[in-house]
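Peer 1: Line order of the protein sequences matches chains H and E. Quick note on numbering that gives the first Met the number 0: the first sequence kicks off at 0 and runs consecutively. Quick note on numbering that gives the first Met the number 0: the second sequence kicks off at 0 and runs consecutively.
Certain hints may be false.
[To be verified] Using C-beta positions, here's what the derived DEER-type ranges look like:
id, chain 1, residue 1, chain 2, residue 2, range
1, H, Ser351, E, Met229, 37 to 43 angstroms
2, E, Thr210, H, Ser135, 31 to 37 angstroms
3, E, Glu60, H, Ala266, 53 to 59 angstroms
4, E, Lys352, H, Glu14, 47 to 53 angstroms
[Said to hold, decoys possible] Keeping only pairs whose Cα atoms sit at most 35 angstroms apart, straight-line, the calculated DSBU-like set for lysine-lysine is:
id, chain 1, residue 1, chain 2, residue 2
5, H, Lys21, E, Lys318
6, H, Lys106, E, Lys208
7, H, Lys106, E, Lys202
8, H, Lys99, E, Lys39
9, E, Lys100, H, Lys221
10, E, Lys208, H, Lys221
11, E, Lys88, H, Lys318
12, E, Lys226, H, Lys221
13, E, Lys39, H, Lys347
14, E, Lys99, H, Lys106
15, E, Lys226, H, Lys88
16, H, Lys100, H, Lys202
17, E, Lys318, E, Lys21
18, E, Lys39, H, Lys1
19, E, Lys1, H, Lys21
20, H, Lys226, E, Lys106
21, H, Lys107, H, Lys226
22, E, Lys53, E, Lys99
23, E, Lys21, H, Lys121
24, H, Lys208, E, Lys1
25, H, Lys221, H, Lys208
26, E, Lys226, H, Lys106
27, E, Lys99, H, Lys87
28, H, Lys208, E, Lys88
29, H, Lys202, E, Lys100
30, E, Lys121, H, Lys226
31, H, Lys121, E, Lys221
32, E, Lys221, H, Lys100
33, E, Lys107, H, Lys107
34, H, Lys88, E, Lys106
35, H, Lys128, H, Lys53
36, E, Lys99, H, Lys107
37, E, Lys87, H, Lys221
38, E, Lys100, E, Lys121
39, E, Lys221, H, Lys88
40, H, Lys221, E, Lys221
Derived by calculation from the structure, the hints in this document are not laboratory data. Every value quoted in this text rests on a predicted model; they were computed, and no experiment measured them. Built from N, CA and C at the ideal position, the CB exists for glycine as well.
Here are the chains, one letter per residue:
There are 2 protein chains.
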Amino acid sequence: MKHNFGAGPCILPQEVFQEASKSVVDFNGLSILEVSHRHKDFVAVMDEAIALVKKALNVPEGYSVIFLQGGASLGFLISALNMMRDAKKASYINTGAWSKKAMTEAKKAGFEVIEAASSADKNFNYIPKNVAVDPSSDYLHFTSNNTIFGTQFREIPNSDVPLVCDMSSDIFSREINVADFDLIYAGAQKNMGPAGTTLYIVKDEALGKSTSAFLPTYLDLKTHAEKDSMFNTPPVFPVYASMLNLRHLINNGGVRGAQERNEAKAALLYNEIDSNPLFEATVGEADRSNMNVTFLMTDESRTDEFNALWLENDIVGLKGHRSVGGYRASMYNALPIESVQVLVDLMKHFSSKG
Amino acid sequence: MKHNFGAGPCILPQEVFQEASKSVVDFNGLSILEVSHRHKDFVAVMDEAIALVKKALNVPEGYSVIFLQGGASLGFLISALNMMRDAKKASYINTGAWSKKAMTEAKKAGFEVIEAASSADKNFNYIPKNVAVDPSSDYLHFTSNNTIFGTQFREIPNSDVPLVCDMSSDIFSREINVADFDLIYAGAQKNMGPAGTTLYIVKDEALGKSTSAFLPTYLDLKTHAEKDSMFNTPPVFPVYASMLNLRHLINNGGVRGAQERNEAKAALLYNEIDSNPLFEATVGEADRSNMNVTFLMTDESRTDEFNALWLENDIVGLKGHRSVGGYRASMYNALPIESVQVLVDLMKHFSSKG
Numbered sequence: 000m001k002h003n004f005g006a007g008p009c010i011l012p013q014e015v016f017q018e019a020s021k022s023v024v025d026f027n028g029l030s031i032l033e034v035s036h037r038h039k040d041f042v043a044v045m046d047e048a049i050a051l052v053k054k055a056l057n058v059p060e061g062y063s064v065i066f067l068q069g070g071a072s073l074g075f076l077i078s079a080l081n082m083m084r085d086a087k088k089a090s091y092i093n094t095g096a097w098s099k100k101a102m103t104e105a106k107k108a109g110f111e112v113i114e115a116a117s118s119a120d121k122n123f124n125y126i127p128k129n130v131a132v133d134p135s136s137d138y139l140h141f142t143s144n145n146t147i148f149g150t151q152f153r154e155i156p157n158s159d160v161p162l163v164c165d166m167s168s169d170i171f172s173r174e175i176n177v178a179d180f181d182l183i184y185a186g187a188q189k190n191m192g193p194a195g196t197t198l199y200i201v202k203d204e205a206l207g208k209s210t211s212a213f214l215p216t217y218l219d220l221k222t223h224a225e226k227d228s229m230f231n232t233p234p235v236f237p238v239y240a241s242m243l244n245l246r247h248l249i250n251n252g253g254v255r256g257a258q259e260r261n262e263a264k265a266a267l268l269y270n271e272i273d274s275n276p277l278f279e280a281t282v283g284e285a286d287r288s289n290m291n292v293t294f295l296m297t298d299e300s301r302t303d304e305f306n307a308l309w310l311e312n313d314i315v316g317l318k319g320h321r322s323v324g325g326y327r328a329s330m331y332n333a334l335p336i337e338s339v340q341v342l343v344d345l346m347k348h349f350s351s352k353g
Numbered sequence: 000m001k002h003n004f005g006a007g008p009c010i011l012p013q014e015v016f017q018e019a020s021k022s023v024v025d026f027n028g029l030s031i032l033e034v035s036h037r038h039k040d041f042v043a044v045m046d047e048a049i050a051l052v053k054k055a056l057n058v059p060e061g062y063s064v065i066f067l068q069g070g071a072s073l074g075f076l077i078s079a080l081n082m083m084r085d086a087k088k089a090s091y092i093n094t095g096a097w098s099k100k101a102m103t104e105a106k107k108a109g110f111e112v113i114e115a116a117s118s119a120d121k122n123f124n125y126i127p128k129n130v131a132v133d134p135s136s137d138y139l140h141f142t143s144n145n146t147i148f149g150t151q152f153r154e155i156p157n158s159d160v161p162l163v164c165d166m167s168s169d170i171f172s173r174e175i176n177v178a179d180f181d182l183i184y185a186g187a188q189k190n191m192g193p194a195g196t197t198l199y200i201v202k203d204e205a206l207g208k209s210t211s212a213f214l215p216t217y218l219d220l221k222t223h224a225e226k227d228s229m230f231n232t233p234p235v236f237p238v239y240a241s242m243l244n245l246r247h248l249i250n251n252g253g254v255r256g257a258q259e260r261n262e263a264k265a266a267l268l269y270n271e272i273d274s275n276p277l278f279e280a281t282v283g284e285a286d287r288s289n290m291n292v293t294f295l296m297t298d299e300s301r302t303d304e305f306n307a308l309w310l311e312n313d314i315v316g317l318k319g320h321r322s323v324g325g326y327r328a329s330m331y332n333a334l335p336i337e338s339v340q341v342l343v344d345l346m347k348h349f350s351s352k353g
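Chain H on its own, in the form it takes in the complex (with noise of 0.2 angstroms):
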């Protein structure tokens, strides 16, 4: 067996590879490939998708649940074109690479965009605490986790306008309060199903009021919350597998359950970091992440040997990005404790031989 610590897309249950699997061959009589949207058997999938999302984040009422296209590289200008209103001005919080697209993306849908806050002194190594919101803006947007420089929020930044979260990387992986936000939007393809689809959940009351002149009809989440997600043919594998892998959360303590088995997971991995003399977190302790874990070799004349230590014991994906260097292991729900503790004690081994 392979320890998957990549980025994303990345590790699932093997339970849900086993069940996706059958379906493609067999889904009552049929390939789940070959079956149309319109009928009934994948209208109960997407149905209960959206139910195991509201469930598992105990999403209030008011709120919609929609299965989109385009990750969130198209959800950094959705969420933009529907969060406008009069002001024409939106408050990004600057955690790196993410939040810059967003930012990016917020200026060709015809923003002016304000910095609330940024870690770019610091080569994003930190979570800004200091955060400077307009209160004009039309909303405030964060990236609740970024998978490059390992660095997490661990609360909501203090805010009185809309909050508007990128959760691509850590959605279903902690408690959240969903009424704290208007929109939280999330590529799949780590902790909800494989690449190919993008949850978005809205406040009912932020729908149809957007002030953009340009709001095309699939860019318009209105669209799709009055569809059901059935505006047009929708990614039916990638819904079909993230349901599977829902049901699989819930049958498994849900999203508190996952929580629990991340942060055991951290803890295991950063306190080997921090006493390992060898190695060396990039991130301080009150913003790492328990998503992506960033660290560095303090020795660099050993890399080549440590790296042929851990690819010859099944580890996949420890490479750093290579904006920090080093290595990063991404602990996604769906690692298992196991492949932590393989690593821990690799490093353990490494360092006692140097």
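Guided by the hints, dock chain E onto chain H, whose structure is given.
Peer 2: Frame of chain H, contents of chain E only:
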């Protein structure tokens, strides 16, 4: 075995289902659903998918092949935004439903839309022949095949302006000359693969020439052409399954082979409809689709009886669209002629009982 006449998502070859199913549990030691899109194994899949499209359609030099998300519904917008030039006028041939939606998005993109021809006067049961293209139009758009009304262009319309075509429902079903077009787009879920990815074939000269004030990054085809469809996480599994299906197409006589089989299936069914007094085609001979055969019963009192008959004979998806009524037999590439023979035999049998 079921005979799947569904309009899409639709039947694909059994071999594709088998291999895709296997890869969901084991693709070089991981599930295809957990492989990073940046891993060389998936980069090879994307490269092969693009190469197979080029091979199947004999795509000339100077064209880019792109796999995106969002279906034709987003394609209506993307095509308009990317093809906008100084005139901001676009001509559309209106052959029903899909053309109308395409026109709506072009208007939302800021175009003056000109209906160059329409078959609305007869509920879209023919392909208009007298196309008057305003020579100052930025392009002429048409829908090569209409799934709802069962019509199909036999020849491309005459035009002195660039041609843009929504080929969602007949791409890869017959030979085309890509050089005739500036832009072709197509949702995957008929002849290319499962739902969840959308194909664009665009003349490189047409990229980067948009005059639209609004051209966000994801909607700009130049973004994706330059990044080989890897600007952001692609829909990994839909692209993978499309690649398998394109391999299967190439190994079975390519598009020419598919076209011959499709013509034989269409001849078999239309011949029965024309010779059986209980049925009548809704479209005149010259404009009939080889993909979606629409027909009515001449004796409506026997509808329930016929419906029971095909249902108990494992035929799936034969019900006509509500805009036309009656029946619709969709016969995409993967539908075997044996399934058509089953339907024809039932029609004969049913008629002889009358």
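Peer 1: Now tell me, hint by hint, if it's right for this structure.
Peer 2: We went through each hint and held it up to the structure:
1. H/Ser351 x E/Met229: 37 to 43 angstroms: The hint (37 to 43 angstroms, Cβ to Cβ) holds, given that H/Ser351 and E/Met229 are roughly 41 angstroms apart.
2. E/Thr210 x H/Ser135: 31 to 37 angstroms: 32 angstroms Cβ-Cβ, so the 31 to 37 angstroms window holds.
3. E/Glu60 x H/Ala266: 53 to 59 angstroms: holds (57 angstroms)
4. E/Lys352 x H/Glu14: 47 to 53 angstroms: holds (50 angstroms)
5. H/Lys21 x E/Lys318: Cα-Cα ~28 angstroms, so holds.
6. H/Lys106 x E/Lys208: holds (20 angstroms)
7. H/Lys106 x E/Lys202: Holds. H/Lys106 to E/Lys202 sits at ~28 angstroms (cutoff 35 angstroms).
8. H/Lys99 x E/Lys39: holds (27 angstroms)
9. E/Lys100 x H/Lys221: Status holds; Cα separation ~17 angstroms.
10. E/Lys208 x H/Lys221: Within the cut-off at roughly 31 angstroms; holds.
11. E/Lys88 x H/Lys318: violated (50 angstroms)
12. E/Lys226 x H/Lys221: holds (31 angstroms)
13. E/Lys39 x H/Lys347: At roughly 30 angstroms apart (the allowed maximum being 35 angstroms), H/Lys347 and E/Lys39 satisfy the hint.
14. E/Lys99 x H/Lys106: holds (31 angstroms)
15. E/Lys226 x H/Lys88: holds (31 angstroms)
16. H/Lys100 x H/Lys202: The hint holds at about 24 angstroms.
17. E/Lys318 x E/Lys21: holds (33 angstroms)
18. E/Lys39 x H/Lys1: holds (17 angstroms)
19. E/Lys1 x H/Lys21: Between E/Lys1 and H/Lys21 the Cα gap is close to 17 angstroms, so the pair holds against 35 angstroms.
20. H/Lys226 x E/Lys106: holds (22 angstroms)
21. H/Lys107 x H/Lys226: holds (28 angstroms)
22. E/Lys53 x E/Lys99: holds (30 angstroms)
23. E/Lys21 x H/Lys121: violated (46 angstroms)
24. H/Lys208 x E/Lys1: violated (47 angstroms)
25. H/Lys221 x H/Lys208: holds (10 angstroms)
26. E/Lys226 x H/Lys106: Roughly 22 angstroms between the alpha carbons, so the hint for E/Lys226 and H/Lys106 holds.
27. E/Lys99 x H/Lys87: holds (31 angstroms)
28. H/Lys208 x E/Lys88: holds (29 angstroms)
29. H/Lys202 x E/Lys100: Distance of about 27 angstroms is within 35 angstroms: holds.
30. E/Lys121 x H/Lys226: holds (29 angstroms)
31. H/Lys121 x E/Lys221: holds (33 angstroms)
32. E/Lys221 x H/Lys100: Satisfied, since the Cα-Cα distance of roughly 17 angstroms is no more than 35 angstroms.
33. E/Lys107 x H/Lys107: holds (16 angstroms)
34. H/Lys88 x E/Lys106: holds (26 angstroms)
35. H/Lys128 x H/Lys53: holds (30 angstroms)
36. E/Lys99 x H/Lys107: holds (27 angstroms)
37. E/Lys87 x H/Lys221: holds (27 angstroms)
38. E/Lys100 x E/Lys121: holds (19 angstroms)
39. E/Lys221 x H/Lys88: holds (28 angstroms)
40. H/Lys221 x E/Lys221: Judged against 35 angstroms, a Cα distance of about 28 angstroms means the pair holds.
Comparing the model with each numbered hint stated earlier shows that hints 11, 23, 24 do not hold.
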